[in-house]
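Residue numbers (the working numbering), protein chains in the order written: chain A, 1 to 344; chain B, 1 to 344; chain C, 1 to 344; chain D, 1 to 344.
Please note that the accuracy of each hint is not assured.
[Unchecked claim] Which residues of chain A face chain B? A few of them, derived with a C-beta cut under 7 Å, are:
1. I2
2. G39
3. I172
4. N174
5. E197
6. A204
7. A205
8. T228
9. V230
10. L241
11. A301
12. F344
[Stated by the list, open to error] Computed list of lysine-lysine pairs in DSS-like fashion (alpha-carbon distance at most 25 Å, straight line):
13. K203(A) - K219(C)
14. K3(D) - K249(C)
15. K219(C) - K185(C)
If you're looking for bench data, these hints aren't it; they were derived computationally from the structure.
Nothing here was measured: the structure is a model prediction, and the numbers come from that model.
Note that the Cβ used here is the ideal one computed from N, Cα and C, for glycine as well.
Protein chains: 4
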Amino acid sequence: MIKAGIVGATGYAGTELVRLITSHPKAEVSAISSVSFEGKKISDVYPSYIYLNDMVCENVNEVVDKSDVVFAALPHGLSQELASDCKAKGVKFIDLGADFRLNSENEYSEWYGGTFIDKNLHKEAVYGLPELFRNEIKGKSIIANPGCYTTCSPLALAPAVKNGLVKLKGIICNCASGVTGAGRKPNQGNHYPELNEGFHAYKAAQHRHTPEIEQTLSKLAKEKVTVTFVPHLLPVNRGILATCYADIKEGVSFEEIRKAYEDFYKDEYFVRLLPDGMYADIHNIKYSNFCDISLHYDKRAGKLIVCSAIDNMVKGAAGQAIQNMNIIFGLDEKTGLQILPPAF
Amino acid sequence: MIKAGIVGATGYAGTELVRLITSHPKAEVSAISSVSFEGKKISDVYPSYIYLNDMVCENVNEVVDKSDVVFAALPHGLSQELASDCKAKGVKFIDLGADFRLNSENEYSEWYGGTFIDKNLHKEAVYGLPELFRNEIKGKSIIANPGCYTTCSPLALAPAVKNGLVKLKGIICNCASGVTGAGRKPNQGNHYPELNEGFHAYKAAQHRHTPEIEQTLSKLAKEKVTVTFVPHLLPVNRGILATCYADIKEGVSFEEIRKAYEDFYKDEYFVRLLPDGMYADIHNIKYSNFCDISLHYDKRAGKLIVCSAIDNMVKGAAGQAIQNMNIIFGLDEKTGLQILPPAF
Amino acid sequence: MIKAGIVGATGYAGTELVRLITSHPKAEVSAISSVSFEGKKISDVYPSYIYLNDMVCENVNEVVDKSDVVFAALPHGLSQELASDCKAKGVKFIDLGADFRLNSENEYSEWYGGTFIDKNLHKEAVYGLPELFRNEIKGKSIIANPGCYTTCSPLALAPAVKNGLVKLKGIICNCASGVTGAGRKPNQGNHYPELNEGFHAYKAAQHRHTPEIEQTLSKLAKEKVTVTFVPHLLPVNRGILATCYADIKEGVSFEEIRKAYEDFYKDEYFVRLLPDGMYADIHNIKYSNFCDISLHYDKRAGKLIVCSAIDNMVKGAAGQAIQNMNIIFGLDEKTGLQILPPAF
Amino acid sequence: MIKAGIVGATGYAGTELVRLITSHPKAEVSAISSVSFEGKKISDVYPSYIYLNDMVCENVNEVVDKSDVVFAALPHGLSQELASDCKAKGVKFIDLGADFRLNSENEYSEWYGGTFIDKNLHKEAVYGLPELFRNEIKGKSIIANPGCYTTCSPLALAPAVKNGLVKLKGIICNCASGVTGAGRKPNQGNHYPELNEGFHAYKAAQHRHTPEIEQTLSKLAKEKVTVTFVPHLLPVNRGILATCYADIKEGVSFEEIRKAYEDFYKDEYFVRLLPDGMYADIHNIKYSNFCDISLHYDKRAGKLIVCSAIDNMVKGAAGQAIQNMNIIFGLDEKTGLQILPPAF
C-alpha cells in the first residue's frame with residue numbers, strides 16, 4: 001500500500017482526498033495535518049466521517065515522515081518549503097495549490113504576489129494534467145496539480161487549439177462553479193441565504209486561473225494564447241461548467257472538429273465526449289473524476305462552443321491528484337477512481 | 001381603474017400578472033382565462049392565492065369583453081387571432097408570447113414555423129422594451145412584450161452598440177435562467193432531483209430568442225448584428241443573468257464606455273447601473289422589475305464584459321408587460337412596480 | 001405618515017422591516033441604525049436596495065429622536081434600556097427581540113440569563129400576537145413582538161387549547177425553519193455547502209422559544225402547559241413549518257375541532273385555515289404575512305395534527321411588527337401587508 | 001461473481017442498485033429490465049452512466065434467466081408473480097417493493113388494496129431489516145426489503161421499544177424525505193419551482209408505511225404498537241430524517257436509555273450512534289448505507305426524542321437490498337458498502 005499523507009486535510013480539497021484515498025485499493029491515508037485543527041480528529045470537523053475515519057491531525061513533519069507521497073492542500077505560498085522537505089526525504093509531492101503551476105516567475109509574481117524560492121525545485125515540478133501532459137508526469141516527484149477552472153477549460157479547448165482548428169485570438173471561457181470552490185471558510189458571500197437563489201460573475205477577467213489556462217493552451221498551440229476568463233458562482237455544492245467560445249478558422253468544418261476531439265480523447269477514460277445533441281451537465285459527473293465534454297456549433301457566427309463539466313473537488317482537485325499519484329507510482333491511472341457517477 | 005384581463009392566467013407568466021396587478025393602484029384583474037383550468041379557481045392551481053384571489057377561469061371571449069386591456073400569455077401561434085379580436089373591440093392587447101415580436105415574417109417562419117396571418121396587424125404591433133423604444137410604444141394598442149433573454153441581453157449591450165463603441169461582429173450572450181423560464185409543465189429535465197445540483201447549457205446557438213436579440217441590437221446599431229446566444233438552466237426559481245462579451249473598438253476606452261452607459265440609463269428607473277467593482281446578481285432583483293447592469297473590462301483581450309440581471313418573470317415577462325400598460329394608458333411607468341427587491 | 005425608526009436595521013429582521021415599511025402607505029422609514037455598519041448605507045450591506053434606499057445607518061439616539069415608533073431588532077438584553085428611552089420621549093416601542101416577551105423574570109433568567117432591569121417597564125409591555133391578544137395590544141406603547149416559532153406554533157394550537165378540545169399534556173411542536181432564522185452572521189453550520197442538501201434538528205427541547213410557546217398556550221388554557229419543542233434547520237431561505245401533535249380529548253370529534261378552528265379564525269385576515277385535504281406549505285406564504293393552517297386527524301391514535309406555515313421574516317418578525325404598529329396607531333391592521341404571496 | 005439482475009432498473013431505486021452493484025467486488029449486474037425503456041440503454045435514461053454502463057434494458061424473463069439473484073423495484077402488486085418465477089428457477093429474490101413486507105393479508109388489503117396471491121410464498125418471505133432481524137434473513141430466498149421511512153423510524157426506536165424503556169402508546173414518527181423518495185416520474189408537486197423553497201407534510205397519518213413501521217415495532221415489543229406517522233417533503237435530493245417521540249416510562253433514566261442504545265447497536269457497522277450533543281443530519285450519510293442516530297431528552301416533558309438519518313436511496317432502498325444480498329450469499333455484510341460518506 002502506498003502511504004499517502006495529506007497536509008491541509010481539513011480544507012475541502014484535503015478532506016475529499018481523505019474520502020477518495022479511503023476507497024483506493026493500493027493506497028491508504030498514512031497521516032493528516034491541519035494548522036487550524038491540530039490535535040483534533042478529522043471526524044470532529046466533518047461528522048460524516050465519524051467512526052469510519054477518526055484520524056487525528058498531526059503536524060506537517062509527522063505527515064512527511066510517515067508517507068511515501070504527500071498531498072498538500074495549502075494556501076498559496078506555503079508549498080515551496082514543504083516540497084523542498086519532501087524532496088530531501090525522498091517523498092513524492094503532489095501540490096493542490098498554485099505554487100508550482102506557473103512556469104513563469106513573473107506571472108506568478110504578478111498574479112500571486114510571491115517569488116520562486118528555489119528555482120531548481122520549480123524546474124523539477126511538472127504540471128499534472130494527465131490527459132494533456134501524461135508523458136511528462138511519469139517518473140516525476142513534484143507535481144503541480146491543476147486548479148478546477150484550469151482543468152475544465154483547457155480540456156474543453158485542447159483538441160481544437162492543438163490541431164489549429166480555431167483562432168487563438170478572442171477565446172472566451174465562461175465558467176460557473178459550485179460553492180465548494182470557494183473553500184470551507186464561511187463568509188457573507190457564501191452564507192446560505194445570500195447565495196441561495198442567486199447567481200453572479202466574480203473576478204471577471206481578473207481571476208488567478210487566467211494565466212494558468214493560457215499557459216496550458218499556449219503550450220498546446222505553441223504560440224501565446226490570451227483568453228477571457230469569467231467565473232460565476234453557482235448555488236450548488238459541486239461542479240464546474242465551462243462554456244468556451246472560439247472562432248473556427250476558415251475552411252474548417254464542424255465535422256472536422258468533432259473528428260479531432262474524437263481522436264484526441266479516444267483513449268482517455270476520464271474524458272467522456274458526448275454524442276451530438278447532448279450537453280455536458282455538472283449533474284452527471286458529480287462525485288466522480290470524469291470530465292464530460294459536448295461540442296456545439298454556431299454556424300451563423302462561425303463559432304465553436306464547447307461545454308465541459310467536472311466535479312471541482314474531484315477532477316478539479318483531489319481526484320486528479322490521485323490520478324497523478326497513480327501515474328507516478330506506476331499504477332493503472334484509473335485505480336480508485338472508477339466510480340459510476342450517481343444518477344441523482 | 002383599468003380593467004386588465006389575462007388570457008393564459010394559469011401559466012407562470014399569467015399568474016405573475018395576477019400577482020402584480022393585484023398590487024397595482026390603478027388597475028385590477030377583470031377576468032382570467034385558462035384552457036386547461038376553465039371553470040376552476042386560480043387558487044386551486046396556485047394555493048398561495050387562496051382566499052385572496054379565488055377568481056374562476058373563464059373563456060377567452062369573456063376576458064376580452066370585460067377588459068380595457070388584455071394580456072396574453074399563450075403558446076406561440078395563438079395570439080394573432082386574439083389580437084385581431086381585441087382590435088375589433090377597441091381593447092388594448094399586450095402579448096407576452098412571440099407572435100408579434102419579430103418584424104420579419106421570414107425570420108418568424110424560420111424560427112417558429114408559422115406565418116403572419118394578418119400583415120396589417122403586425123404593422124401596428126410595437127416591440128415593448130420601454131428603455132429602448134419608449135416613444136414608439138406610447139399610444140399604441142398592440143404590444144409585443146419581449147421575452148426574458150431578449151430583455152436582459154439587449155439592455156446589457158444597448159449603450160455600447162448604439163454608440164458604436166464595440167465591434168458588431170462576434171458578440172456573445174452567455175445567459176443562465178431560473179427554472180420558471182421553462183414554464184409550469186413538469187418534465188424530466190426540470191424534475192427536482194434531476195435539475196437540483198445541476199447546470200448545463202441548452203439550445204446553444206439554436207434558441208428562438210436569437211433573432212429577437214439580433215433584431216433589437218440591429219435596430220440600435222442601424223446595421224445587421226449577429227450574436228452567439230447560449231442559454232443555460234440554473235437551479236433557482238427566478239432570474240436571468242446575461243454575461244455578454246463584445247470586442248471594444250480600437251481607440252475606445254473603458255471609461256468612455258462607462259460614461260456612455262451612465263448617460264444612456266441615467267433616467268431609467270428600472271435599470272440600475274452598478275458602481276465599478278459590483279457584479280449584477282439575480283439575487284438582488286428577484287420579485288422586482290429592475291435590471292441590474294455591471295460593466296467589466298478585459299484589458300488584456302480588449303473585451304467589454306457586461307452582466308445584466310433581471311427577474312425573468314417580472315422584467316422578463318409580467319412586470320414589463322405592466323410597464324407597457326402603464327405607458328399606453330398614460331400612467332407613470334413605475335406605477336405598481338416600485339417594490340424594493342427583498343434582501344433574501 | 002408615521003415615522004418609523006429601525007434599530008438594528010442591517011440584521012435580517014431589521015432589513016425586512018425596511019423593505020416592508022417602504023411599501024407601507026401610511027408609514028415611512030425615518031431613520032435606521034446599526035452598530036456594525038454605522039455610517040454606511042444600508043444598500044452597501046444589501047445591494048438589492050441600491051439607489052432605492054441608500055439611507056445611512058446612524059446611531060440609536062438619532063433614530064429615537066426622528067421617530068414616532070421605534071422597531072428594535074437587537075440581540076437579547078439590549079432592548080430594555082432602549083425601551084426606557086423611547087418611553088421617556090413618548091415614542092412607541094416595538095421590540096423584535098426577546099427582552100419583553102416573557103412575563104416571568106425567573107423564566108427569563110433561566111432561559112436568557114439576564115434580569116428585568118425595570119420591572120414597571122415590563123408590566124407595561126404587551127405580547128404582540130394580534131390574532132390571540134389584539135385587545136391587549138390596542139393603545140399600548142411597548143410591544144413584545146413574538147418570535148418566529150412562537151408565532152407559528154401557538155397559532156396552530158390556539159383554538160384547540162383555548163376550547164379545551166385536546167389534552168394539555170404531551171403536546172409536541174415539531175418545527176422546521178429556513179436559514180434566515182439563524183441570522184445574517186455566517187458560521188460553519190449555515191455555510192452553503194454544509195447546509196445545502198442537509199436537514200437536522202437542533203436544540204431539541206432546549207430552545208429558548210419553549211417557555212414563550214408555553215406562556216401563550218398556558219394563557220389560553222388558563223392552566224400551565226408544557227410542550228416538547230424541537231426545531232429543525234431547513235435548506236430554504238424563508239419559512240417555518242410547525243407540525244404540532246396533541247391528544248384529542250375523549251368524546252371530541254375531529255369535526256368539532258375543525259368547527260372550533262373555523263370559528264376562531266373566521267375574522268382573521270392573516271390566518272388562512274385551509275380546506276380539508278390541503279397541507280400548509282411554506283412555499284405558499286413566503287414574502288407574506290399570512291399563516292396557513294391545515295388540520296389533520298390520526299383517528300387510529302386519537303391525535304390532532306396541525307400544520308402551520310409562516311414566513312419567519314414576515315409573520316414571524318417584521319410583518320407582525322408592522323401589524324402591531326398598525327394596531328397601536330389605529331390603522332387597519334392589514335395596511336401595507338396585503339401582498340398576494342407569489343406563486344413561486 | 002454473483003450475477004445480480006435488476007427488474008425495474010430505470011426507476012430511482014433500480015438505477016441506484018446499478019450504481020452500487022457496479023462497485024461491488026463480489027457481484028456484477030447481469031441484466032436489467034424496464035417496462036418503459038425496454039430496448040434502450042440505461043445510459044440513455046441516466047446520462048451520468050454514459051460509456052460506463054450502457055447495458056440495454058431487456059424483458060423480465062431474460063433478467064431472471066441470467067441471474068443468481070433478482071432485485072425487483074416495481075410498483076406494488078407486481079412482485080408476487082415474479083417471486084414465484086424466481087423461486088421456480090432457484091433464483092434468490094429481493095423485493096424493494098411492498099408486496100411481501102406486511103405479514104397480515106388484511107393489512108395489505110387495507111393499505112394497498114390487493115391480496116396475497118400465493119400464501120405459501122408469503123410465508124417464505126422474510127423482512128430484510130438486518131440490524132433487527134439478521135438471523136431470520138440468513139439462508140432465505142425471498143426478501144422483503146423495507147421501505148425508506150420504515151427503515152429509518154424503527155431503527156430510531158428499536159432499542160427503547162425492545163427493552164421496554166418507553167411507553168408504547170403515543171409514539172410519533174415525524175419524518176422528512178428528500179424528493180427522490182417520490183420517484184422518477186415528474187408531477188406538479190415535484191416540479192422544481194413548486195418544490196424548491198417549500199416544505200410541507202403529506203399523507204399525515206395515512207401513509208402506507210404506517211402499518212409496516214408498526215409491524216416492526218410490535219414484533220420487537222411483543223405487543224401491538226400504534227404510531228402516528230407524518231411524512232414531509234424536503235427540498236433536497238436524498239435523505240430521510242426521522243424525528244421520533246416517545247414517553248419515557250417512569251423510573252427510567254435517560255442514561256439507561258443511552259446505555260441500551262449503545263448495547264443494541266455496538267456491533268452494527270451501519271448504525272452510527274452519535275455522541276451526546278450531536279444531531280443526526282442527512283447531510284452526513286448521503287450516498288452511503290449508514291444510519292446515524294442521535295438521542296435527545298426532554299426532561300421537562302419526560303420524553304425521549306430520537307433523530308435518525310439515512311439516505312433513502314441507499315439504506316432506505318438499494319444499499320439495504322445489497323446488504324441483504326450479502327447476508328443470503330454468505331458474504332461479509334459490509335461488502336461493497338464501505339464508502340466514506342462525502343463531507344459535502
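Verify the interface restraint on T228(A): the C-beta must sit less than 7 Å from at least one C-beta of chain B.
It holds, given that the least Cβ distance between T228(A) and chain B is near 5 Å, below 7 Å.
Please verify that hint: A205(A), Cβ, nearest Cβ of chain B, below 7 Å or not.
4 Å, holds
Using the nearest Cβ pair, does L241(A) come within less than 7 Å of chain B?
5 Å, holds
Is the shortest C-beta separation between F344(A) and chain B less than 7 Å?
4 Å, holds
So if I understand the rule, the pair passes when the alpha-carbon distance is 25 Å or less; does K219(C) with K185(C) pass?
Violated, because 35 Å separates the two Cα atoms, which is more than 25 Å.
For the restraint on A301(A), tell me whether the closest CB of chain B is nearer than 7 Å.
Check passed: Cβ of A301(A) comes within 5 Å of chain B, closer than 7 Å.
Hint check: is the beta carbon of A204(A) less than 7 Å from a beta carbon of chain B?
For A204(A), the interface hint holds, since the closest Cβ of chain B sits about 4 Å away, which is under 7 Å.
Holds or violated: the hint that G39(A) contacts chain B, with Cβ atoms closer than 7 Å.
Not OK, violated: G39(A) not within 7 Å of chain B, min 35 Å.
Hey, K203(A) versus K219(C), does the alpha-carbon distance stay inside 25 Å?
56 Å, violated
When the least beta-carbon distance from V230(A) to chain B is tested against 7 Å, hint result
Hint holds; V230(A) Cβ to chain B Cβ min 6 Å, cut 7 Å.
I172(A) as an interface hint toward chain B, with CB separation required under 7 Å:
OK, holds: I172(A) within 7 Å of chain B, min 6 Å.
Would you check the hint for K3(D) and K249(C), treating anything up to 25 Å between C-alpha atoms as holding?
57 Å, violated
Taken one by one, the earlier hints fail for this structure at numbers 1, 2, 13, 14 and 15, listed in ascending order.
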